[in-house]
Amino acid sequence: MLENLAMGFGVALSLTNLAYCLLGVTLGTLIGVLPGVGPLVTIAMLLPITFGLDPTAALIMLAGIYYGAQYGGSTTAILVNLPGETASVVTCIDGYQMARKGRAGPALAISAIGSFFAGCVGTLLIATFGPLLGEWALEFGAAEYFSLMLMGLVSAAVLAHGDMVKSLAMVVLGLLVGLVGADVNSGIDRFTFDVLELTDGIGFTVMAVGIFAVAEIVTNLEHRESREVFSREVGRLMPSREELVASIKPIIRGTGVGAFFGMLPGTGPSISAFSAYMLEKKIARDPDRFGRGAIEGVAAPEASNNAAAQTAFIPTLTLGIPGSATMALVLGALIIQGIQPGPQVMSSNPELFWGLIASMWIGNAMLVALNLPMVGLWVRLLTVPYRWLFPSIVMFCALGNYSLNNSPVDVYLCAGMGVLGYVLAKLECPPAPLILGYVLGPLMEENLRRALIISRGDPAVFVERPISLAFLVATALILAVMILPAMRRAKGEAGD
Amino acid sequence: MPRLRRVRGTVSRTGLVMRTPALQSKDVLAGLLFLFVGGIAFYTALDYSFGTVARMGPGFFPRVLAVVLMLFGLVTLARGLVSRDPVHGRWGWAPLALLVVAITAFGYLMERAGMIPALVVLFVTSAWAGHEFRMREVVVLTAVMCLMATAVFVWGLGLPYRLFVVPG
Amino acid sequence: MKGPISLLRRLGVAVAAFAAISLSAHAYPDKPIRLIVPFPPGGSNDIVGRLVAAKLGEVLGQQIIIENKPGAGGTVGTAAAARAEPDGYTLLVASVAYAYAPALRKLKYDPVKDFVTVGTMGTGPVAMSVNPEVPVASVQELVDYIKANPGKLTYSTAGIGSFQHLSSELFRSMTGADMIHVPFKGGGPAMQSTIAGETNVNIGTLVQQIPQIQAGRLKVLGVGSSERNGALPDVPTIDEAGVPGYLASNWWGILAPTGTPEAIVDQVSEALAKVVESDDIKKALSDQGAAAMKMNPAEFAAFMTAEMEKWAKVVKDAGIEPN
Chain A
1 MLENLAMGFG VALSLTNLAY CLLGVTLGTL IGVLPGVGPL VTIAMLLPIT
51 FGLDPTAALI MLAGIYYGAQ YGGSTTAILV NLPGETASVV TCIDGYQMAR
101 KGRAGPALAI SAIGSFFAGC VGTLLIATFG PLLGEWALEF GAAEYFSLML
151 MGLVSAAVLA HGDMVKSLAM VVLGLLVGLV GADVNSGIDR FTFDVLELTD
201 GIGFTVMAVG IFAVAEIVTN LEHRESREVF SREVGRLMPS REELVASIKP
251 IIRGTGVGAF FGMLPGTGPS ISAFSAYMLE KKIARDPDRF GRGAIEGVAA
301 PEASNNAAAQ TAFIPTLTLG IPGSATMALV LGALIIQGIQ PGPQVMSSNP
351 ELFWGLIASM WIGNAMLVAL NLPMVGLWVR LLTVPYRWLF PSIVMFCALG
401 NYSLNNSPVD VYLCAGMGVL GYVLAKLECP PAPLILGYVL GPLMEENLRR
451 ALIISRGDPA VFVERPISLA FLVATALILA VMILPAMRRA KGEAGD
Chain B
1001 MPRLRRVRGT VSRTGLVMRT PALQSKDVLA GLLFLFVGGI AFYTALDYSF
1051 GTVARMGPGF FPRVLAVVLM LFGLVTLARG LVSRDPVHGR WGWAPLALLV
1101 VAITAFGYLM ERAGMIPALV VLFVTSAWAG HEFRMREVVV LTAVMCLMAT
1151 AVFVWGLGLP YRLFVVPG
Chain C
2001 MKGPISLLRR LGVAVAAFAA ISLSAHAYPD KPIRLIVPFP PGGSNDIVGR
2051 LVAAKLGEVL GQQIIIENKP GAGGTVGTAA AARAEPDGYT LLVASVAYAY
2101 APALRKLKYD PVKDFVTVGT MGTGPVAMSV NPEVPVASVQ ELVDYIKANP
2151 GKLTYSTAGI GSFQHLSSEL FRSMTGADMI HVPFKGGGPA MQSTIAGETN
2201 VNIGTLVQQI PQIQAGRLKV LGVGSSERNG ALPDVPTIDE AGVPGYLASN
2251 WWGILAPTGT PEAIVDQVSE ALAKVVESDD IKKALSDQGA AAMKMNPAEF
2301 AAFMTAEMEK WAKVVKDAGI EPN
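Protein chains in written order, with my numbering: chain A, 1 to 496; chain B, 1001 to 1168; chain C, 2001 to 2323.
Warning: the hint list may mix true and false statements.
Stated by the list, open to error - Per the computed footprint, the stretches of chain A lying under chain C, defined by three or more beta-carbons under 8 Å from a beta-carbon of chain C, are:
{"hint": "1", "segment": "106 to 120"}
{"hint": "2", "segment": "442 to 455"}
Said to hold, decoys possible - Per label pair, the in silico range of CB-to-CB distance:
{"hint": "3", "chain 1": "C", "residue 1": "Asp2287", "chain 2": "A", "residue 2": "Ala365", "range": "48 to 58 Å"}
{"hint": "4", "chain 1": "A", "residue 1": "Leu15", "chain 2": "C", "residue 2": "Gln2063", "range": "24 to 34 Å"}
{"hint": "5", "chain 1": "A", "residue 1": "Arg456", "chain 2": "C", "residue 2": "Glu2299", "range": "29 to 39 Å"}
To be verified - Heads up, incomplete: computed chain A residues facing chain B, CB under 8 Å, no partners named:
{"hint": "6", "residue": "Ala169"}
{"hint": "7", "residue": "Asp183"}
{"hint": "8", "residue": "Ser186"}
{"hint": "9", "residue": "Ile217"}
{"hint": "10", "residue": "Leu221"}
{"hint": "11", "residue": "Arg253"}
{"hint": "12", "residue": "Arg387"}
{"hint": "13", "residue": "Pro391"}
{"hint": "14", "residue": "Gly418"}
{"hint": "15", "residue": "Leu427"}
{"hint": "16", "residue": "Glu428"}
{"hint": "17", "residue": "Pro430"}
{"hint": "18", "residue": "Val461"}
{"hint": "19", "residue": "Val463"}
{"hint": "20", "residue": "Leu472"}
In short, the hints are calculated from the structure, not lab data. All C-beta atoms in this analysis are idealised placements derived from N, C-alpha and C, irrespective of residue type, glycine included.
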C-alpha cells in the first residue's frame, strides 16, 4: 500500500497534475461560492473542460472541483446563511450564528481545519480499503450487479429525507428516463420517437444541467433578490485555544460518521452531515447552545461531509457504482474518457487510481491554503448582482451541453429537462432520486436481463450466488426497517 | 370522539380558511404528472415485445415501471386530495419560458449563425427573464462573456466552433 | 530535429499552392477543412482520423479540424456531413459501420448517392478469444466443441448491431455454431465478462484484446484479417485455422458529400495516399493493432459496394431486426 501511495504521489506531484489539481480546486471554490451552485452543477458545468485532458489529469481536476465546490458552499453557508449545496445546509445553522456574533473567522477556520482532517482520514481509508473492496468486487457478475443496484436504489429512496412516496416515484421516473435509447439486449430503440439523436439515450449532462441548474435559476427568478451579505467584518481569523479544544472530538466523530455514510451507495454528504450534527446535539451537555453559534455544530458536520465526499469515491472507483448524483457525474466522466469504471480500474489504470488518491490529499491541503486567506475575496464575489450572474450560468449550461456531442439536440433536450426540473421542484419532488434512478436504471435492467440469459432463464441465480443473496437480504432489511415503523404509525392512527 | 381534521389552505380576506382548489395542490399536480408520464410510457411501450419473466423482452421493464409510476401517481393524487397542501410560492412561468427560448435559440443558431450571434441572443433573452433589464449592462456583460467564451472554449480548449457563419 | 524538414515541406506546399493558384481562380484549400468523425472521441474512428488529419493537413497546407458528432451508430454525424455544403471543406470519416448501417436502421441520408469516395486510411481486424478455461486450443477445436455441445457456450459482444456482433454472426453463419449471445454496452465490459468466465467466447477488436492476451487472461484463437498480424505473428488467421473464407476487419476511409468538385476530390485523394504511405502513419497504425491501407477513389468505391453487400447479407442471415 505504501508503495502504491508513493507511486500515487509520484503521479500527483507531477507539475501538470499539480497544476490541474490547483486549477480544479480554484475553479471549484470560485463557482462553489456562487449562490445556489453546488458541486453537482459545478462539475456538470466544468465537465466538458476536462474532456481534452488525459484521463488521470481529468479525474484529478474533477476531484479538485468537487472539494473546492464543497468548501465554497461552506463559506457562503457561514457568511451569508446561503448553502451552496444541501450538504452545507447544516453548517448554516450554527455557522451563520457564529458569523453574526463576529466569529466568522473562527467558524471558517474550524470548517477548513475539520474538513482537512477528515480529508486526510478519508484518503487513508480509501488507500486501505479501496483495493480490498475492489478485490471483492472482482467476483461481481451480472447477478451481483443487479442485486447491488437494487439495494442502492432502495436505500437512496428511503434514506432521502422528505416524502417517501414521492422519492420512490422519482426513482421510477428516473428509471424510465434512463431507458430512452437503444435497448442493449434487443437493439430495439425505446422512447426515441424517431429522433435519431435519442438512440444513445439522454446524456447525463443534459439531465443534470437541466434538472438542477436551469430549474434553480428559474426558482431564484420567481422572487426579487434579497440577500444579506455579511462581509462587513470577518473578524479574528484563527479560533481561540478553547474553541480548538472543543472542536477536536466533534471533528473526529464527524469524520467517522461521514466516512461510514460516504461508503454506502445512495447516502452521501448531506445525510452524513445531518447525522453528525444530530449526534453532537444528542451527546452535548447543554444541547441548548446548538442553533446559537455552537462551534461543535460547525466542526462536526463540516468534517463529516468532507469525509463522506472522500469515501464516496470508494464505491464509485472500485465498483463503478456511484453513491450520489455527483459521483454519478464523475463516473460519467470516466466513461467518456474511455475508462470502464469497475474493479479492474485499480489493476488496469493504477496510476490513475493512486494518482487520484494522492491528489485528493494534496487538493485538501491546497484548499486550506487557498480558502483561509481568500475569504475576503469570495465574499466580494457574492456581491456580484444576480442579474449578471444568471445569464452567465445559462451560457455555461448551453455551451457545455452543446460541446458534448456538438449537437443542438442536446441543447434542446436540456431546455426541456429544465422545464421538467422546475415543475418537479415546485411540486416538491426531490431531484436526487430521479438522477440516481436515471443512472442506475439502465444498468439494473441490463444486468437483470443478462443474468437471466446466462442462467438460461433461471431466476434462482440471484439467491444462489452468495454476494447477490447478501445484497438482496440487506435490501429487504432496509425496506423493513423503514416501512415497519411507518406501518405501525398508520395502524395507530387508524385505531384511534 | 370525532377527530378534528386539520384543513390546510389559504386564509381568505374574511379570515375563513379556504380549502386549496385541487389543481393548486402540489400533491394533486404531482400525482397527475406521474399518471400522465406513466400513461404515455405504458402506451408507447406497447410496441415493444413483453417477453416472459425468464426471457424478458424490451417491453418488460418499461411497462412494469410505467405501471408502478402510475400507482405512485394514484397514491400521491389521493393524498393531495386529502391534505390539499398548496404549491409554495408563485409559478415563474415567464422566466422559465424566456430561459427555454434563450437556450433553444442558442442551440439553433450555433450551427447556422455561429457562436457569437448565438451567445448574443442567449444573453439578451435570458437577461430579459431577470427583474431588472438594463440595456447598457446587458451589452457590456454580453461582450465580456462572448470574449471569455471565445478565449476559453475556442482558443483555450480548441473546440471546433465557428464564431460567425457566413451564409452562402 | 525535424524543423528544417517541416520547413522544406512547408516550402514545397507553398510552391504547390502557388502552382495551384496559377491553374485555377480559387486555390483549394484556402481555409480550414472540417473532418467530421461520427463517433465519440477516443474510439478507433477518432484516433485514426486524428492521426491522419494532422498529416493530411500538412500535405494540403491547411489545418484540418476534427469535429466529433457521435450518435446512433455513426449515422447522426454522417447525416450532418451529407447536409453540408459540397465545397471540399467538409469531409467525413467512414468505417465499416457506414457499410452495414443501411441494413440495420432507417437513415436520414442515402449511403450510395449522398457521398463520393475519396480514399482509405487503414484497416484493423477482429480477434477471436476464449476464456482460458474453455478446453479448446484452436478455431477448429472450438467449432468441434460447439458441435458436440450445442447451446453450452455463450459469447459476449459490444452490443446488438456492433461490428463485433456482426463478426460473431458471420462466424456463426459460416460454421453453424450454436452459441448464446450476451450483448454488452461496449467492447470493454464484454471482454471483462469473458475474462471473468461469465461468458466463454469474445470476438473483439485486436487492439483491445492484446494486453489481456499477453497477460494470459484470454486465450486467443485467431485474427479476422487475411494475413497474420504483426503484433501477434504466432496467431493464425481464422481463415487458415478452420473457417476458410472468414474475413472480418474494420476499416477507415474518407468520404466527401456528393457535388464536391472532382478536382478537389482528386487533390485530397492524392494527398491522402501520400500520408498513408508515410512511415510514421504506418507505425502509428500498427501500434493500434491496425495496418495502413491505400485506395484511390475508384478502388474505394468498389470496395465499399462489396462491403455493403457482404454485411447486409450477414445482418439478414442472422435475422437481426432493422430498427
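Exercise. Check each numbered hint from earlier against the structure, then list the numbers of those it violates in ascending order.
Key: 1, 3, 5, 11, 17, 18, 19 and 20
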